[in-house]
Amino acid sequence: MVQTKKQKYLFLAFCLVPTFLLFAIFTLYPLVSGLYYSFFRWSGSASNMEFIGLSNYVRMFNDSIIPRTIMHDYFLVVTKVFGIMILATFFAVAIMQLKIKEAPFYRIIFFFPNIMSVVVIGILWTFIYNPSLGLVNSALEFVGLGNLTRPWLGSETWALPSIVFPSVWAGIGLFMLMLMGGIGTISKSYYEAAELDGATEWQQFWKVTLPLIWPQIKVSILYIVITTLNGSFILVQVMTGGGPNNSTHVMGSYLYQQAFVQYNFGYGAAIGVMILVLSLVTVFLLQILLRREKVQY
Amino acid sequence: MKKYFLNKPALMAGTVLLSVGLLAACGGDNEEAGGQGGNDQENNGSNNDASGGNGDISGELEIQYFVGGYGDSWWKEVIEDFQAEYPDVTIVEHAGPNINDEMRSRWVSDDPPDVVYIDGAGSSETQMVDDGQLMNLTDWINDVDSEDGSPLLDNLIVEPASYDGEIYSIPLVFDTWGTWYNRAKFEEEGYEVPSDFDSYMDTMGEIQDNEDISPFVTTGEHPYYFLRGVLTPAFGAAGGDELLADIVRGEEGVWERDEVVETMEKVVQMQEEGYIDDGFGAFNHTQSQMNFLLGDNAFIPVGFWLPNEMANDVPDDFEFGFIPSPLQDAGEPFAIVPDLRPLAIAENAENPEAAKAFVEFVFTQEYATAFSEHTGAIMNLEGVDLSENENVPPYLIEANDMINDPDQVQIYHRPHPMSADLETPIGNSLLSLMLGNKSLDEFIEEAENATADYRGE
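Chains as they are written, first to last, in UniProt numbering: chain A, 1 to 297; chain B, 1 to 457.
FYI, nobody ran anything at the bench for these hints, they're computed from the structure.
Honestly, I wouldn't trust all of these hints.
Covered stretches of chain A (chain B as the covering partner; in silico rule of three or more C-beta atoms under 8 Å from a C-beta of chain B) [said to hold, decoys possible]:
#1 37-47
#2 241-247
#3 257-268
For glycine and all other residues, C-beta sits at the position ideal for the given N, C-alpha and C.
Generate coordinates for the entire structure from the input sequences, incorporating the hints supplied.
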């Protein structure tokens, strides 16, 4: 039953070659293509292209909307990381440690937004924010806070913060499950020992739970950052289209506008390269910032 | 078992098969015209008796048309009739609301359809001309005659767009943006239908007081609606075709001219009086139209597509009324700037003769009348009498009469549509002005910056 070396390599090739081919076709090829097209003036809707060297990158550095899109992206990153992680941790701890009978029900409820399409979520929240028919303004009026009502998505000031809520709401469930998995692996004896030593529940959370689920928290934060930088444009596109007056444009939605609305595909590709570089740098910095000694008791 | 499972030739064959399968699945395939999505249909006339038709025109003819507010029933009728007239032609239709995006890969790979109707999101006539995708029709169209023997170009309401004197498309749909209101409500409440900017402001003020609503709405998601529907005709009224041409071309200093500034001051006045719905920044195309139909607002500037597109949502007591956007000064006639949706032939059309035959076939009185009956809009052909036609909605008959009366309406023209690279930044800044977040001076400065960027300075 012992495999020869050749057989082993053949089996490995059988497993790896198709995977590598898929990776090459769907990841490497678009990546290299994006970089290639960023050196051209190309409308994206015809075959003729003109090589213009680094002109798209020069244009990008002079484009006053680009810094705004970067700020908007990182605003979403920061608010989503804090919003999702705080709430997901709270719910995970509550469900796992408070021993609520309805825990499975809450698990389903919190996870429910994750099985919905982001586009559906965007449309749903567009209705919730509707100035005249929406739930938010109606609720504010109902509780006597009518003076706080406003056209949330139509305001240059409030549109971007308004997008944070659906982003957080849609993200909690997945990370809550990840943290619950982490909490589930912690031996009960640690809590019993802590309790015998007189630790309060708050202290147990900070000294036992949090350090032991740090790997899950780290992965969750990295995942939120990457998906926000690469995917936040979907909600923006559906809810505001980047408006009003570019006040919600993130890098991805601006890329879309340039490439597919203004027919500057080459410039859009250059923005895509910028997103890649910023994502890599951000993840690299986060890896350093979140580095901690592995805790074992 | 071991021997069988790890058999080298079997493994190699499996790997190669998987790889080939993957490559085949990902490879380009243009054999199936139109690809996926949309509404691709084939009318094959090859079974018909060839001797009964026009023998010169044959082969496959691919037609791409966008289906939006005007629906597709008119297209179906025309294509069916063309098929009967030219039985040797096999017609392949590429149609749907997203057809421009769905056909993009065909255009990129220089394998376009023969005929294209340029309309809807994802299509741009100026871009297609810039990219050399459309056939130069200048010589051909000058030789095309109408049914009565007169040159077709003499019978068009609006001439084709001119790109350095060359013609690349023939305007098919004579759409015009204007301002819609609820005629039934106006008659019931005794509101005056505006005839100029002063009366417009008076009526909006009266409605605001009586109904407690912001009288004016547009979509903030697409700021160009206001630009095309209100400002462009207003600029036409203020400065004529010359000003419109300078704006479309992004001439230096055009936004600082007196006639432009005076027009923009009217917009500021509307904003300061609170006549513009403060939620408009969030409204998309459908929401703004829906709010208008529900009576949340009294005026909306959109094109002739509105009644047809929203036909299923019109309240029982609602009656469409249409006027050109009234931003002109008292004593001046209304102004409209036609927003044309053209028909063009691809530069790389595989069957240009059939494509030309189709374009020629469409521009007749019969199909112009049918167009109004099917869509509630006007085809770009003169001499179509809609006044006695019971199948045409009343607002269209009235609008048609108005448009054909120079005392009431003055028609202005742009040389070609505004480029998205110019329209987008100006539209964004305009939105901010209409929300009250930007002063007129700031808007003008940003509009001038946009024109400078457009000129490449």
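Hint check results:
no.	hint	in the structure
1	37-47	holds (count 5)
2	241-247	holds (count 5)
3	257-268	holds (count 6)
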